[in-house]
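Peer 1: This is what each chain is made of:
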Amino acid sequence: MMPEQYRRKDLLSIRDLSPGEILFLLDMTDSFREVNEREIKKVPSLRGKTVVNLFFEPSTRTRTSFEIAGKRLSADVINIAASVSSAQKGETLRDTARNIEAMSTDVVVVRHSASGAPAYLAGELNCGVVNAGDGCHEHPTQALLDLYTIREHKKEFDGLRVSIVGDIARSRVARSNIIALSKLGAEVMICGPRTMLPAEAESLGARVSTRVEEAIEWSDVLMTLRIQLEREAGAAFPSAREYAATFGINRKRLEGAKRDLLIMHPGPINRGVELSPDVADGPFSVILEQVEYGVACRMGILYLLAGQREEVDGGPETGGSPDGPAEARPESTEVRDAVAH
Amino acid sequence: MREELSAEQLSRTLKRLSHEIIEQSGDMTMIALVGIRTRGVGLAERLAVVIEGLTGARPPLGAIDVTLYRDDLDLEGGARRRLRKTDIPFSSAGKDIVLVDDVLFTGRTVRAALAALVNFGRPRRVQLAVAVDRGGRELPVRADFIGRNIVALPDEEVLVLLEESDGRDAIVVQDTPGFAKKHKPKEFKMPTAAPEDTP
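Protein chains in written order, with this note's numbering: chain V, 1 to 341; chain F, 1 to 199.
Among the hints, erroneous ones may be present.
Said to hold, decoys possible - Straight line, CA to CA, 25 Å or less: simulated DSS-like cross-link-like pairs of lysine-lysine: (1) V/Lys-155 / F/Lys-181; (2) V/Lys-42 / F/Lys-85; (3) V/Lys-71 / F/Lys-85; (4) V/Lys-41 / F/Lys-85; (5) V/Lys-71 / V/Lys-42; (6) V/Lys-71 / V/Lys-155.
Said to hold, decoys possible - Restraint-style ranges between C-beta atoms, simulated for each label pair: (7) V/Ser-104 / F/Asp-27: 33 to 41 Å; (8) F/Asp-166 / V/Gly-272: 53 to 61 Å; (9) F/Asp-27 / V/Arg-61: 46 to 54 Å.
If you are wondering where the hints come from, they were derived from the structure by calculation, not from laboratory data. Using N, Cα and C, we set each Cβ at its ideal position, and we do this for glycine too.
Same shape as in the complex, but just chain V (with noise of 0.2 Å):
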């Protein structure tokens, strides 16, 4: 597998892209790194251009990273939180983009609480649109950061063991990590209680396990995910004690593990819920490797969306791109129905 170019107008879901488009953008984040690493943490390339952070759902990492990121390109970089916003007021989701874009923005960066959100807005505008979380659907800048950490410690994808743990059915972070790890030829396993686990499990092409210790004992890499204490408790188990006692992470667990595990979280950590404090602070974790990761890797997005707008728009001076106009979009009328009243 090759790195090939990434030409979209979007960054909306991995199932679109190609493995070798995600090999490219673990690439860009490799080369983003290095001004992380300076001392003046800084470069103009996108002086001049707008970067709006569109989150109807609250975030603070995800949200604070693409800030971080797109400050550290010289964008400006405008945060709306929808709770404060027109949203309160009535205005749909296509009249407050609209107006966004309206104010000559060159990337949005969407957090919905609806699947499809992003890509419906992608349809409707001509700046760059990031998904960066819909609903159930994907998180796909989580997923670029969790395969550039992998990457730094794995070097390679090829037969590489992932499980993941926790609310695997409602979890955007998981589905989007599965599909990538599968593209680039990783063995996927997904290990939760039955009423977590998606009912098209072994269609996403991953195993299945509903014992933690088998999960662990197998596992290169060990990603888990934040239960969400404030939907589920009670709907989808019992109490966040007993997910602790049966599926959380702890180091008398961990005693069946390959010496160089990896464990992983996309925070924030309920401590003592999905892992243990020792863990979650112990030698096998890169959890605060995946953070300093997502600014570098949500820099290379910013760079590649902001920087090929003109082209996009205007058509480039010389020919178009060999591939021709910008990808279909998906233009599901069961999306439009759903965000746009």
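Guided by the hints, dock chain F onto chain V, whose structure is given.
Peer 2: The following block gives chain F in isolation, referenced to the frame of chain V:
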């Protein structure tokens, strides 16, 4: 494609450039070479080896990628340029930096390199060494050390080939239709205001 310099001539040119760098330098211990990616890095390595042969000490080497400092991100393919790492393993503060590039043309790459360099400390002096000066400057930039002056037509591309990356050492001029157009800055259009600006 015509060959302007053979491997033998290129090697002699690099020796002469090394002599000039040494001659111009007040204090060789302060000299550091920084190659501009991609070909400038290979050239800087060659110069460092020759300088070591002449003085007994190899000057520190760095590599700089100017992609993020360019002013043509919006031109065709701007953001598609392959981004490589900047690697300056020493503090440039107080040093005499010699920037090394293959071909000096518009001067825009050098401007970007200077903008990048100041992020790594304040050098005492910065000089520029190039294998080829082909004229056609769009900025007030000049080189301190020039391997060869070459006159080329607007649609001709001057290439410095190095064994390690291109299989052989040479400087060639090649016909590249569209090369001049690629370098032409895009016409600037004032944004037109909406006829009636609604509040």
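Peer 1: Could you run down the list of hints and mark each one as holding or not?
Peer 2: Tested hints:
1. V/Lys-155 / F/Lys-181: Roughly 41 Å between the alpha carbons, so the hint for V/Lys-155 and F/Lys-181 is violated.
2. V/Lys-42 / F/Lys-85: holds (14 Å)
3. V/Lys-71 / F/Lys-85: Status holds; Cα separation ~19 Å.
4. V/Lys-41 / F/Lys-85: The given pair, whose Cα atoms are some 14 Å apart, holds under the 25 Å limit.
5. V/Lys-71 / V/Lys-42: At roughly 8 Å apart (the allowed maximum being 25 Å), V/Lys-42 and V/Lys-71 satisfy the hint.
6. V/Lys-71 / V/Lys-155: Between V/Lys-71 and V/Lys-155 the Cα gap is close to 30 Å, so the pair fails against 25 Å, i.e. violated.
7. V/Ser-104 / F/Asp-27: 33 to 41 Å: violated (51 Å)
8. F/Asp-166 / V/Gly-272: 53 to 61 Å: Check passed, 59 Å falls within 53 to 61 Å.
9. F/Asp-27 / V/Arg-61: 46 to 54 Å: holds (50 Å)
Violated hints, listed in ascending order, are 1, 6, 7; each of the other numbered hints is respected by the structure.
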